[in-house]
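K.L.:
Heads up: the sequence lines are chains A and B, in that order. Position one of the first sequence corresponds to residue 1 (this note's numbering), numbered consecutively onward. Position one of the second sequence corresponds to residue 331 (this note's numbering), numbered consecutively onward.
Misleading hints may appear alongside valid ones.
[As the list claims (entries may be wrong)] Below, simulated BS3-like cross-link-like pairs (lysine-lysine); rule was C-alpha separation at most 27 Å, straight line:
(1) A/Lys183 with B/Lys396
(2) A/Lys259 with B/Lys440
(3) A/Lys292 with B/Lys427
(4) A/Lys259 with B/Lys544
(5) B/Lys487 with A/Lys259
(6) A/Lys65 with A/Lys174
(7) B/Lys396 with A/Lys268
(8) A/Lys268 with B/Lys440
(9) A/Lys259 with B/Lys548
(10) A/Lys289 with B/Lys396
(11) B/Lys401 with A/Lys283
(12) B/Lys487 with A/Lys289
(13) B/Lys401 with A/Lys308
(14) B/Lys396 with A/Lys292
(15) B/Lys507 with A/Lys259
(16) A/Lys308 with B/Lys507
I should point out that these hints are in silico values taken from the structure, not numbers from a laboratory.
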Amino acid sequence: MCEGDEMNKIKLIYEGKAKKVYETDDSTLAIFEYKDSLTAFNAQKKDTMQGKGRLTNLISATFLKLLQDKGIPTHFVKLLDDNHQLVKRLKIIPLEVVVRNTSTGSLCKRLGVEEGLDLVPPLVEFYLKNDELGDPLVTEDHIRAFGFASKPQVEKMKELSLKVNEILHKFLSKKGIKLVDFKLEFGMDDEGNIFVADEISPDTCRFWDMTSKERLDKDRFRKDLGNVLEAYEEIWRRIADWEKSCSAEYRANILVYLKEGVLDTQGKAVLSSLYSLGYDEVKNVRVGKYIKITLTSPSQEDAASRIKEMCEDLLVNDLIEEYSFELEEI
Amino acid sequence: MKVSVVIFPGSNCDRDVKWAFELCCNADAEMIWHAEKSLPSDTDIVVLPGGFSYGDYLRCGAMAAKSPIMKSVAEFAQRGGLVIGICNGFHILTEAKLLPGALLPNASTKFICRSCQIKIERNDTPFTQLYEKNEIVNFPIAHHDGLFYLDDDSLTKLEESGCVVFRYADNPNGSLKAIAGITNKEGNVLGLMPHPERVVHPLLGGEGGVRFFKGLSKWVKEMR
Ligand SMILES: Nc1ncnc2c1ncn2[C@@H]1O[C@H](COP(=O)(O)OP(=O)(O)OP(=O)(O)O)[C@@H](O)[C@H]1O
Ligand SMILES: [Mg+2]
Numbered sequence: 001m002c003e004g005d006e007m008n009k010i011k012l013i014y015e016g017k018a019k020k021v022y023e024t025d026d027s028t029l030a031i032f033e034y035k036d037s038l039t040a041f042n043a044q045k046k047d048t049m050q051g052k053g054r055l056t057n058l059i060s061a062t063f064l065k066l067l068q069d070k071g072i073p074t075h076f077v078k079l080l081d082d083n084h085q086l087v088k089r090l091k092i093i094p095l096e097v098v099v100r101n102t103s104t105g106s107l108c109k110r111l112g113v114e115e116g117l118d119l120v121p122p123l124v125e126f127y128l129k130n131d132e133l134g135d136p137l138v139t140e141d142h143i144r145a146f147g148f149a150s151k152p153q154v155e156k157m158k159e160l161s162l163k164v165n166e167i168l169h170k171f172l173s174k175k176g177i178k179l180v181d182f183k184l185e186f187g188m189d190d191e192g193n194i195f196v197a198d199e200i201s202p203d204t205c206r207f208w209d210m211t212s213k214e215r216l217d218k219d220r221f222r223k224d225l226g227n228v229l230e231a232y233e234e235i236w237r238r239i240a241d242w243e244k245s246c247s248a249e250y251r252a253n254i255l256v257y258l259k260e261g262v263l264d265t266q267g268k269a270v271l272s273s274l275y276s277l278g279y280d281e282v283k284n285v286r287v288g289k290y291i292k293i294t295l296t297s298p299s300q301e302d303a304a305s306r307i308k309e310m311c312e313d314l315l316v317n318d319l320i321e322e323y324s325f326e327l328e329e330i
Numbered sequence: 331m332k333v334s335v336v337i338f339p340g341s342n343c344d345r346d347v348k349w350a351f352e353l354c355c356n357a358d359a360e361m362i363w364h365a366e367k368s369l370p371s372d373t374d375i376v377v378l379p380g381g382f383s384y385g386d387y388l389r390c391g392a393m394a395a396k397s398p399i400m401k402s403v404a405e406f407a408q409r410g411g412l413v414i415g416i417c418n419g420f421h422i423l424t425e426a427k428l429l430p431g432a433l434l435p436n437a438s439t440k441f442i443c444r445s446c447q448i449k450i451e452r453n454d455t456p457f458t459q460l461y462e463k464n465e466i467v468n469f470p471i472a473h474h475d476g477l478f479y480l481d482d483d484s485l486t487k488l489e490e491s492g493c494v495v496f497r498y499a500d501n502p503n504g505s506l507k508a509i510a511g512i513t514n515k516e517g518n519v520l521g522l523m524p525h526p527e528r529v530v531h532p533l534l535g536g537e538g539g540v541r542f543f544k545g546l547s548k549w550v551k552e553m554r
């Protein structure tokens, strides 16, 4: 654990193929320990690679943070160290949602379709989380008939998965990476809110280098292509600086106006000028201020809260003025 | 008596204030640049002088109110120290929330620069003890934004708690209740639009402000 970190691993709750899940002092949180082990084909193929847990931990944290910044609810709370992250402890919906932008893997095998076809719009598939059955594909009717999830939950998962796809796809293409497909898990908190859970890493996604078409994901392990760790390193190398590179520029258009009832001498003067020019139909004139601010921020939400702070701190005197603003990414 | 006169970019009554304190009560007045973080430890009175800090941009006094020195001015006031804001200094005190209210552009929309009859509402303050209650004195005003504004409820409370110290006899700028100067509830922070430092010698056209400074000096001596 990080030194001085108040979060303590209390008890191992679950040890999976890729992660250990620990209980913490706070019953609403859990600690994920990413392991160095690699498995494929429902754990029929196994190996360990030193340093792999660190990479999947860091990559997953980065993707989850990116999604959170774009308004997607995820279970991510914070990175604790190279192998640990703090997450919200959720009740996992027993479905894996797969989004596919390009045909490959089990899809081609099952349906006999060509590999590498562009899937527009992307496919969304549900798989039942059940290792004994080998995580079988299920339809929405199956899900409803057997109560694996409710209809609104299915819709929400689908909607979020497609949004996640859009965000990651856009982000990764700037890094020269093609997002071929990926798997998500979802969980619910006590109030029934749905969050993106589990992990997003080369273990759970397919990444192809855009120019060389090289596989930069677990397929290297599945197909014995070698250089598995190097591929994971490469993904991390390309996304590690997102917090800097991803922060966008925003423009805030702020209107500051006098509160109703506060005498506006400028407005009064302008009104009488308008009258003297013959604009008799004018009823009232209030003059306000227009302040345009451009700023860089990791997200729109962040930019909005900073602008609000600026207004309250300096730009607006709340005794006599009110304000509103619009924010746009530039 | 030690007076700290804060200079903001655009202050222009700082030397008048220093001179008035020296002339009227032989005080030791030191100029303090707004970027300083602390006041001299032996400060008895802090003055935020008139002027056009930051060109009156955004709102009069808004940016000066966020100057580094203002934190120690607020702490000084918190400890009961005497703080005086004259004209733009009054703007700064309201923007810093050390005094209630705001100062809006004059109702006439004009800059007004002339002598003004000011009624002393209270003479039981450190600032006015040498004046008679209800006495009328002549202090000049020189401002564009002097209309004192406060919402109705707060204005009633302000009046009831006796915080109005100076009132215009003829209300040149449209101030609510003709208010020209107020203190905080504790009575140690004063803001006023008129300039007592401009009437401390016959050559200046009057001596109505002399007792303002002499009164302060007396107060500080008695408090020691
Ligand atoms: N926020 C969360 N709260 C609680 N459990 C979670 C959360 N996110 C993911 N999980 C679950 O924690 C476990 C993570 O371990 P791991 O990924 O190694 O499991 P696994 O071997 O893939 O097995 P499984 O078939 O259960 O996914 C998974 O069971 C996953 O569903
Ligand atoms: Mg898993």
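K.L.:
Indicate, hint by hint, whether the structure satisfies it.
P.N.:
Quick rundown of the hints versus the structure:
1. A/Lys183 with B/Lys396: 51 Å, violated
2. A/Lys259 with B/Lys440: 22 Å, holds
3. A/Lys292 with B/Lys427: With Cα atoms ~26 Å apart, A/Lys292 and B/Lys427 stay inside 27 Å; holds.
4. A/Lys259 with B/Lys544: 41 Å, violated
5. B/Lys487 with A/Lys259: Satisfied, since the Cα-Cα distance of roughly 21 Å is no more than 27 Å.
6. A/Lys65 with A/Lys174: 17 Å, holds
7. B/Lys396 with A/Lys268: 30 Å, violated
8. A/Lys268 with B/Lys440: 12 Å, holds
9. A/Lys259 with B/Lys548: 43 Å, violated
10. A/Lys289 with B/Lys396: 20 Å, holds
11. B/Lys401 with A/Lys283: 44 Å, violated
12. B/Lys487 with A/Lys289: 31 Å, violated
13. B/Lys401 with A/Lys308: Holds. B/Lys401 to A/Lys308 sits at ~22 Å (cutoff 27 Å).
14. B/Lys396 with A/Lys292: 21 Å, holds
15. B/Lys507 with A/Lys259: 20 Å, holds
16. A/Lys308 with B/Lys507: 34 Å, violated
Checked against the numbered hints above, the structure breaks hints 1, 4, 7, 9, 11, 12 and 16 and satisfies the rest.
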